[in-house]
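Count along the sequence shown from 1, then add 1; that gives the number in our numbering.
Keep in mind that the hints were calculated from the coordinates and are not lab data. Keep in mind that a hint or two might mislead.
As the list claims (entries may be wrong) - Cβ pair distances, simulated, as ranges:
(1) 239 - 52: 27 to 35 Å
(2) 50 - 176: 45 to 53 Å
(3) 36 - 58: 15 to 23 Å
(4) 206 - 292: 40 to 48 Å
(5) 334 - 231: 24 to 32 Å
(6) 9 - 58: 55 to 63 Å
(7) 55 - 264: 53 to 61 Å
(8) 292 - 364: 44 to 52 Å
(9) 85 - 264: 33 to 41 Å
(10) 264 - 113: 54 to 62 Å
(11) 202 - 80: 32 to 40 Å
(12) 364 - 296: 45 to 53 Å
(13) 210 - 62: 32 to 40 Å
(14) 31 - 261: 20 to 28 Å
What the hints assert, rightly or not - Below, simulated DSBU-like cross-link-like pairs (lysine-lysine); rule was C-alpha separation at most 30 Å, straight line:
(15) 266 - 319
(16) 190 - 258
(17) 257 - 7
(18) 173 - 7
Glycine residues also receive a C-beta, built at the ideal position from the N, C-alpha and C atoms.
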Amino acid sequence: MISIKKRRQLVQVIPFSVISLLFGLIYTFLEHGILGDSTNYPTTGNPYHYNPLASAFLTLTGGTLMGLLEVFYLNKLFHYKSFSKKLIIKTLIYILIIAILVFIMTCAGHAIELEESPLNPKVIGFAMNFLMSFAFISLEIYMALGIVICLFYTEVSDNIGQEVLINFFLGKYHNPKEEHRVFMFLDMKDSTAIAERLGHTQYFDMLREYYADLSNSILNYSGHIYQYVGDEVVVTWTMENGLEKNNCLNCFYDMKKTLQEEAGKYEERFGVAPTFKAGIHLGKVTTGEIGVTKKDIIFSGDVLNTTARIQSLCNSYKTDLLISERLLEFLKIENYFSTTDIGSVELRGRNEKVNLFSVEQLA
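Using the sequences and the hints given, assemble the complete structure.
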């Protein structure tokens with residue numbers, strides 16, 4: 002069974018495959034339109050064969066391999082580089098890889114054509130001649146454009162969120178729609194004191210590490226990061242995903258476990274290990290695109306204000322996690338979690354009282 006995280010990473014590979022395939026086919030058709038029935042490239046004399054199926058296979062395979070390399074390795078390697086540096090360095094790396102692969106494939110093709118060894122000087126000479134030609138340089142420039150588009154898509158997806166970007170493309174929320182969602186408001190404990198102690202720059206570095214460590218748990222339990230507000234994170238799920246296998250509760254405790262495991266790293270670097278508290282609730286929201294100069298998909302509804310108020314009561318009841326009775330009614334927590342009835346609580350800004358429960362994970 003593929004994990005949610007792996008599934009998400011594999012989905013990130015798809016744009017590389019699709020964009021590479023489209024660029025490859027367009028180039029193949031344009032090249033055929035120019036060369037027609039020619040059997041050789043006029044500038045190099047190298048053999049030319051029109052084969053769109055082979056082109057489709059090679060570009061699809063190459064794009065998929067590039068996507069796998071990007072998602073599972075290079076993206077992590079250059080995670081903290083600026084966008085422009087990442088774009089330039091990665092593009093150069095991919096162009097170099099493509100040049101090496103083209104050289105190998107050209108040698109193999111000529112070796113078969115001439116019935117010689119791929120290491121034969123004549124074969125290598127043909128390949129080098131092609132690599133130094135205007136035809137290959139123009140091909141590299143064309144492929145670099147495709148690579149830049151792929152990398153740009155990846156960066157935009159990482160910045161605004163894969164789910165948000167897909168919904169923008171599909172126009173899912175172009176017209177506002179009502180839906181039921183689960184929300185978690187998660188707040189770092191003693192953040193003001195920590196910020197004063199560390200100073201703005203070091204505190205920001207800690208926040209970056211903190212958010213990165215929380216992200217995997219959120220993704221693993223089908224959550225979507227809606228907003229970062231200072232040291233607070235707002236996580237949301239569709240009702241189905243949030244309730245399935247108690248994802249919203251398991252997400253909280255998985256994040257808690259992650260920070261406990263990473264406590265030594267924080268203590269060593271910042272002198273303090275962050276902890277957090279959270280409130281979880283579900284309700285109806287109106288979801289839609291908003292903005293003119295900067296578009297975003299936002300959620301509007303009383304459930305957000307209520308969840309924020311629930312989270313703010315964690316300190317008062319000396320607990321790290323509070324949930325509403327309404328959410329509890331939909332969860333199946335037997336044998337997994339224990340709850341303590343806090344009672345009916347009046348939330349600031351609300352006329353109606355809300356029944357709250359603290360939650361503990363069973364060993």
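So, going through the hints one by one against the coordinates:
no.	hint	result
1	239 - 52: 27 to 35 Å	45 Å, violated
2	50 - 176: 45 to 53 Å	50 Å, holds
3	36 - 58: 15 to 23 Å	20 Å, holds
4	206 - 292: 40 to 48 Å	30 Å, violated
5	334 - 231: 24 to 32 Å	31 Å, holds
6	9 - 58: 55 to 63 Å	26 Å, violated
7	55 - 264: 53 to 61 Å	54 Å, holds
8	292 - 364: 44 to 52 Å	47 Å, holds
9	85 - 264: 33 to 41 Å	35 Å, holds
10	264 - 113: 54 to 62 Å	59 Å, holds
11	202 - 80: 32 to 40 Å	19 Å, violated
12	364 - 296: 45 to 53 Å	46 Å, holds
13	210 - 62: 32 to 40 Å	37 Å, holds
14	31 - 261: 20 to 28 Å	57 Å, violated
15	266 - 319	26 Å, holds
16	190 - 258	16 Å, holds
17	257 - 7	21 Å, holds
18	173 - 7	24 Å, holds
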